[in-house]
Amino acid sequence: MESLIGLLVGAPLLGAAVLLCGGRRLDRAGHWLASVLAGASFVLGAVLFFDMLGKDGEHRALHSHLYSWVPVEGFQADVAFQLDQLSMTFVLLITGVGTLIHIYSIGYMEHDERRRRFFGFLNLFLAAMLLLVLADNFLLLYVGWEGVGLASYLLIGFWQHKPSAAAAAKKAFLVNRVGDAGLAIAIFLMFTTFGTFAFAPVLSSATDASEGKLTAIGLMLLLAACGKSAQVPLQSWLGDAMEGPTPVSALIHAATMVTAGVYLITRSGAIFNAAPDAQTAVVVVGAVTLIFGAIVGCAKDDIKKALAGSTMSQIGYMILAAGLGPIGYAFAIMHLVTHGFFKAGLFLGAGSVMHGMNDEVDMRKYGGLRKYMPVTFVTFGLGYLAIIGFPGLSGFFSKDQIIEAAFAKGGTQGWILGTVALIGAAITAYYMTRVMVLTFFGEKRWEPDENGNEPHPHESPSVMTIPMIVLAFGSVFAGGLFKAGDSFVHWLEPVTQHSHGDSPVSAATVTTGTVVALLLGVGAAWLQYGRRPVPRTAPRGSLLTRAARRDLLQDDVNHAAFVTGGSYLTRSLVYVDHKLVDGLVNGTAATFGGLSGRLRRLQNGFARSYAVSMFGGAAVLIAATLLMRAV
Amino acid sequence: MNPVNYVYLAALLFTIGAAGVLLRRNAIVVFMCIELMLNAANLTLVAFSRMHGNLDGQIMAFFVMVVAAAEVVVGLAIIVMLYRSRHSASVDDASLMKL
Chain A
1 MESLIGLLVG APLLGAAVLL CGGRRLDRAG HWLASVLAGA SFVLGAVLFF DMLGKDGEHR
61 ALHSHLYSWV PVEGFQADVA FQLDQLSMTF VLLITGVGTL IHIYSIGYME HDERRRRFFG
121 FLNLFLAAML LLVLADNFLL LYVGWEGVGL ASYLLIGFWQ HKPSAAAAAK KAFLVNRVGD
181 AGLAIAIFLM FTTFGTFAFA PVLSSATDAS EGKLTAIGLM LLLAACGKSA QVPLQSWLGD
241 AMEGPTPVSA LIHAATMVTA GVYLITRSGA IFNAAPDAQT AVVVVGAVTL IFGAIVGCAK
301 DDIKKALAGS TMSQIGYMIL AAGLGPIGYA FAIMHLVTHG FFKAGLFLGA GSVMHGMNDE
361 VDMRKYGGLR KYMPVTFVTF GLGYLAIIGF PGLSGFFSKD QIIEAAFAKG GTQGWILGTV
421 ALIGAAITAY YMTRVMVLTF FGEKRWEPDE NGNEPHPHES PSVMTIPMIV LAFGSVFAGG
481 LFKAGDSFVH WLEPVTQHSH GDSPVSAATV TTGTVVALLL GVGAAWLQYG RRPVPRTAPR
541 GSLLTRAARR DLLQDDVNHA AFVTGGSYLT RSLVYVDHKL VDGLVNGTAA TFGGLSGRLR
601 RLQNGFARSY AVSMFGGAAV LIAATLLMRA V
Chain B
1 MNPVNYVYLA ALLFTIGAAG VLLRRNAIVV FMCIELMLNA ANLTLVAFSR MHGNLDGQIM
61 AFFVMVVAAA EVVVGLAIIV MLYRSRHSAS VDDASLMKL
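Protein sequences, first through last, are from chains A and B.
For what it's worth, this note's numbering labels the leading residue of the first sequence as 1, then goes sequentially.
For what it's worth, this note's numbering labels the leading residue of the second sequence as 1, then goes sequentially.
Hints listed in this document are in silico derivations from the structure and should not be mistaken for laboratory results.
As the structure is a prediction and not an experimental result, all values here were calculated from the model.
Please note: incorrect hints may appear among the correct ones.
The following label-pair restraints were derived from C-beta to C-beta distances [as the list claims (entries may be wrong)]: (1) Arg25(B) with Leu621(A): 22 to 30 Å; (2) Val620(A) with Ser95(B): 24 to 32 Å; (3) Asn604(A) with Arg86(B): 12 to 20 Å; (4) Gln603(A) with Arg86(B): 14 to 22 Å; (5) Ser88(B) with Ala611(A): 14 to 22 Å; (6) Leu584(A) with Val67(B): 46 to 54 Å; (7) Met65(B) with Leu584(A): 29 to 37 Å; (8) Leu584(A) with Asn26(B): 50 to 58 Å; (9) Leu621(A) with Arg50(B): 23 to 31 Å.
One-sided and incomplete, this derived list gives chain A residues near chain B with beta-carbon spacing under 10 Å [as the list claims (entries may be wrong)]: (10) Lys371; (11) Tyr372; (12) Gln603; (13) Asn604; (14) Gly605; (15) Phe606; (16) Ala607; (17) Arg608; (18) Ala611; (19) Val612.
Every residue, glycine too, gets a C-beta built ideally from N, C-alpha and C.
Same shape as in the complex, but just chain B (with noise of 0.2 Å):
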């Protein structure tokens, strides 16, 4: 199969994941697109590493892997000390940081 397919769908899985960081407000749902879009990205690198024949995208796809678990981690413990102290998920009420 042309590998560019595969560029293709992350492209697609990237906008998703882009549109639904920015359109939901409940924090699950934009960790989880984030996660998509981690996700497109992984599945970019691995392509072209296909594409250029060496594993220089593999090994940087595991990178990835790594920080998102650690990110994963102290996103979700955020946003359940969040959900704890406000009850709701929602990002829109956690706005005081501001000027």
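So here's chain A without its partners, still in its complex pose (with noise of 0.2 Å):
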């Protein structure tokens, strides 16, 4: 069983490498084996699962040693795989999400010329997160964070001709690399405190460290988990990642890049737990950005981007359950995978009705699209109802169990949590809602365009409907079915492992609670955008509106931070150069060159003082030894 392991991670890398190397010949294959081959992947997963399933709690790990990467004394760096009840949750969702996607992306690229490539791109993401979850090392897992930074700028560039699409890959690419760099720095503290990066000894030793260096190496990690998950303050790359083909978004947003993050703090557990400090900080980016992600979804009339702004307030969702600790751990994943069928549902799903609008993102030219595409509607309505947290649904329990763990974090903290989690869902409740009013309610809104086309809303082929059903039956059952008899928690207990915290209110009024402000969230919007006519271009709002519509400002934070700053630093240190080093040189030289000016006078070109200096120095050498001999 242990070599299937590496054979998860061959099949995908296996599917890049054919595409990107073959060339034209596989141009009308390329997409098939493709998605074949992340199939195979998902297969493969499935039979390791059952295979897992068949051991005991403590036994299910697998170990696979590939070969020795740096065989070096004292720096042993192996290609190792674990393969433990976390990473197979995210290889069952990675694998099975990600061929969903590959399936509805034969439909979806269908017109583009390109398409070989981009199926390699996606073969390659696949590979890349898979090498991520499957390391057994922090080194192999960089090289796998890596990896999936570089695939998700090839897929968000993947219509270079449009500037703002090579714009946004290079701004992913780049905020990225300030997480990566601090991925960098905590293995660089980890080999130093313990001397490996191995999982194993680093994190069952973790509490043997001083809690300074816990507390640096964890702030380290969180810096590298806000770059990938998009968490304030690293989270402006999300947004503008929307000019990726539809598909990119889902894989970016439910199956691989935005996960790592919170796989990472998770995986890291036991540094946490050992530094409160630094799981505070967790606790406090969750926060806010789950309140930030949510403000930005409720502002924005681009389809994708209230998508994209959904996103990261999810995300905030699970690293503000990481950073509880045992209480939180379970339910973090639990929502990554709930969360993993209904984005990616209600990804697909925005990408069909642009398909059937001819590329139109702006929900204010939709408009009553239920009659026109029934499949696409009940498969993403029910992703919105998942989403929202409607009772019974996915969402429901994985975020009813996150507020409930935010409570009983305890003292006022965990009163602040738990509020702070609740205002979020009616948030979430009310810019959904607008979504799905804006989109499929209401009259049509659309007119013809400048060149006389009139959009003709239409249901897609059945190769991108099924995908959608079939996440469809996840974000509806998914949530219950981890939920029975707390299958799930158990699952990953001796993984994470598990407590109960003492929470301050009963778990029925949480559930209340999160039922209420689901409701206040729907009412709201309802009222907004359901009884009355929406304009088509947008009203000016409030100070609040028109901040949110700019991301809250958060270019224009990273402008005024960095880039000017940046800017002044390097004027000033150009103005240092130019005067300083260059001028110490230059004069230098200047001295030297007038020094030389005068020598040169002595070369006047006439022999006889030439002849002058020579025998003016011959007395003098003559004059010198005989001085030297009567001393």
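Two chains, two frames, some hints: make the complex.
Right, here's the structure in full:
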């Protein structure tokens, strides 16, 4: 069984290599090859999963040592895999949702002449993400981490002929780089503290290190997680990443990339458990991002950007839960999986809507689409109900658990976090209802464009709708399945540990609160958008709305803090370079130049004056010799 | 006769030669003065050979004469060419070799 683990990564990696090196002759079959290999990886994952179920909880982890990468005394870097319950969860999510997105892309990218390359990049993305979750040490995890960054860069900028897409890809790559630096420093610190960076020894001896060092490692890991998972303050790339094709957005937001940060924090749980300050920082980042993303999501008229704000907010929930420690890890991962289903479904639904609407993304120009796209409407609707936490659907169970765990954190902190999470739930209900109403309800608001092309909304082909239907099933049932008998918590318990906190409020109260928040949000959105006609151009809006449309000024803050400051710094450095460094060098050269100009006068071309110097020199030499002899 | 007198004579001849090289402008005269200095050196070599009673100095003098003969050939050729191109044998007119 162990030898199959390498194949999990190998299958999509092979697909990427074949598709990217194979050239045009693969144009006609490449997308099928990529989808089959992604599917093969999923089947392998399922086989390993059922094999794992056959063993008891503590003995489920599999290890597979492929080869020694850097076999040096005192520095062992291995290419070795570890498949435990946490990795298994991710493997199934990545390959499962990833395969569905592959199949969907066959339809979505049908008319793109670079479709083969697109599928090569998708496979590369899956391979990198699988490497990330299967690695058994932090260095190999870092390799996967960088691979994910590369693949996201290639895919976000896939339509590189659009300057906005090229800029978005660069932005995503650069912002991620800040986080990657954090991860690199964390690994350096681990190596100096523990002498190794393999999971098992680092995590088991985490409590032996001093708290200061653990806090430093934890904060650096948090920085890394912020970069990949688009958390405040490194969140700015996520909205622009919508420039990529819609299946890429689905892949980034549901199965790969943004989940990596949650994985990292959960995997390093032992370090965070021993560093309460770092844990507090994680919770604060999660809580801030949760509200931040939700507010941004409320103001966007671009359907994909509204969903992007929603992802940021939902990942905020997961980071918040992961920061709560053993009471939250399992719920973070549970919400991650259910979110994977419904967010992938929502994005694929949004892609389907755009497919039928001539790639229009402005929701104010949709309206009444439920009549034209029944399948998209139903699957998107189920995803919508799941994300707002409608009782009985996936999101309800996972989000409710997180809110409960937030209250159970205890003390003032618990009350603050719980309230924030509840407010977040209300805002989630508001912005998702807004998306739903603007897109599928009301009167039709689209008009012919300046060329007289009126969109003719139509249902997408079945190669696109079937993945959406499958994901809708996941959105409806996954949460209940995980919640039944706390099966998911028990499944993860050997890896993440689990403890029940003492919640100051009862579970029933929290559930009631969640439902009330949900109704408030839905009601507010319905009053604003459902009961009266929606203007085609956005009204000016309040100060907060205008700020949220600009992503709460994230780019302006970055510009003021880093771009302006950075250019002042470089300008002053250039000034010093010109005046001081160049001045020193040029001054020396000028001094010697002037001196030699004077000396040059001796070379006057008259043979007799040269003869004088020769005689003079000879006379001096003789005089000196005689003098020395006399002395 | 005391051989030291030859050394004095050589010193005198050398001084005359050196003064001629430094003071005269005519290339031919400068050249003759160089010959004078060479021969003054030869005279000292021979005188010292006599004083020390071996033949090393005389052998050295032959070498100097051979080199001087070769040098005369080259030097006169240069002076002739210089005169042909500039119609002057003054060493101060050939002052282009400078920076």
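Restraint satisfaction for Gln603(A) [CB to CB of chain B, less than 10 Å]: Hint on Gln603(A): holds, closest Cβ of chain B at ~5 Å, below 10 Å.
Could you tell me whether the CB distance from Leu584(A) to Asn26(B) stays inside 50 to 58 Å? With Cβ atoms ~53 Å apart, the hint holds.
Could you check the hint for me, namely that Gln603(A) and Arg86(B) are 14 to 22 Å apart, CB to CB? Given a distance of about 21 Å, which is inside 14 to 22 Å, the answer is holds.
Less than 10 Å between beta-carbons is the criterion; does Ala611(A) satisfy it with respect to chain B? 6 Å, holds
Hint check for Leu584(A) and Met65(B) - Cβ pair distance inside 29 to 37 Å: Roughly 59 Å apart at Cβ, these two residues miss the hinted range, so it is violated.
Leu621(A) versus Arg50(B) beta-carbon gap, inside 23 to 31 Å or not: With a Cβ separation near 27 Å, Leu621(A) and Arg50(B) satisfy 23 to 31 Å, so the hint holds.
Hint validity - Tyr372(A) Cβ closer than 10 Å to any chain B Cβ: Violated, because the Cβ-Cβ distance from Tyr372(A) to chain B comes to roughly 90 Å (cut-off 10 Å).
Residue hint Val612(A), partner chain B, criterion CB-CB below 10 Å: 6 Å, holds
Can you verify the interface hint for Ala607(A): is its Cβ closer than 10 Å to any Cβ in chain B? It holds, given that the least Cβ distance between Ala607(A) and chain B is near 5 Å, below 10 Å.
Determine whether the Cβ-Cβ distance between Arg25(B) and Leu621(A) falls within the hinted range of 22 to 30 Å. 27 Å, holds
Would you say the C-beta atoms of Asn604(A) and Arg86(B) sit inside 12 to 20 Å of each other? 18 Å, holds
Restraint check, 10 Å cut-off on beta carbons, for Phe606(A) near chain B: Holds, about 5 Å.
In this structure, the hints that do not hold are numbers 7, 10, 11, in rising order.
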